[in-house]
Amino acid sequence: MQITVKYFASLRELVGEAVASLDIDDSVTVNDLWQKILSDHQLEFEQVMMTVNHEYVKPEHELKSGDEVAFFPPVTGG
Amino acid sequence: MLIEIRNKAFNAWTEVQIYQDSQSFRGQYGAIATFVGSMRDFNEDKKVTGMTLEHYPGMTEKHLEAIAKDAIGKWKLLDVLILHRIGKVKIGEDIVLVVTWSAHRKEAFESCRAIMEQLKSSAPFWKREDIKAGSKWVEKNTPGY
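These protein sequence lines map, in sequence, to chains A and B.
As numbered in the numbering used here, residues 1 to 78 make up the first sequence, in order.
As numbered in the numbering used here, residues 1 to 145 make up the second sequence, in order.
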């Protein structure tokens with residue numbers, strides 16, 4: 001199934017792209033996807049925040065076709 | 001309620017006046033609490049010369065709206081105004097404005113503080129500071145409590 005993945009701030013620079021369209025298997029969790037991204041890009045990144053369709057989710061959240069997933073470092077606004 | 005992301009400099013005090021004058025709730029509120037966050041020229045003992053603020057278009061606006069709506073319900077507020085800068089920010093410019101209007105001061109004070117702390121800990125914005133050696137991402141916000 002197809003999903004969109006977005007990266008922000010320092011993580012975008014480490015991954016080398018802002019947005020990617022990925023084809024993933026069914027029953028994949030957002031943490032499964034994150035671990036695959038870390039492995040594919042040979043990255044170590046401890047404090048990540050995860051959202052699906054603009055809402056914060058837990059790592060065990062299961063992805064669905066068409067989801068917009070985002071990964072980013074701790075927020076620093078205000 | 002007004003939530004806006006601005007990519008140009010704004011004067012927080014002028015914005016409060018403009019918004020308040022455009023509303024029809026004068027006489028209903030007895031308290032207005034205002035928080036303004038501005039750009040410093042230092043961070044963690046280092047000289048800072050400027051900053052760039054990034055956000056997550058679509059999510060940031062929705063998230064701020066949810067924070068404001070929660071606060072309106074919890075503290076029975078008359079209104080909330082939140083403005084936040086993105087893009088290049090110069091020293092001394094305003095970064096964030098949070099205003100709450102309520103009948104009494106307790107609700108205005110508490111809600112303004114709570115909105116600001118929630119914004120700091122969960123609204124998707126990221127700061128990149130310009131320093132002598134180039135620029136670097138700010139890794140975390142300082143605790144508010």
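Some clues are possibly wrong.
Claimed, not checked - Pairs of lysine-lysine, DSSO-like flavour, derived with a Cα cap of 27 Å: (1) B/Lys140 / A/Lys58; (2) A/Lys6 / B/Lys46; (3) B/Lys132 / B/Lys62; (4) A/Lys6 / B/Lys132; (5) B/Lys62 / A/Lys64.
Treat the hints as calculated values from the structure; they're not laboratory data.
Structure-based check of each hint:
Note on B/Lys140 and A/Lys58: the hinted pairing holds, with a Cα-Cα distance of about 21 Å set against a maximum of 27 Å. Note on A/Lys6 and B/Lys46: the hinted pairing is violated, with a Cα-Cα distance of about 31 Å set against a maximum of 27 Å. With a C-alpha separation of about 36 Å, the suggested pair B/Lys132 and B/Lys62 falls outside the 27 Å cut-off, and the hint is violated. As the CA atoms of A/Lys6 and B/Lys132 are separated by approximately 30 Å, the hinted pair breaks the 27 Å bound.
Between B/Lys62 and A/Lys64 the alpha-carbon distance is near 21 Å, which keeps this suggested pair within the 27 Å criterion.
Comparing the model with each earlier hint shows violations of hints 2, 3 and 4; every other hint is respected.
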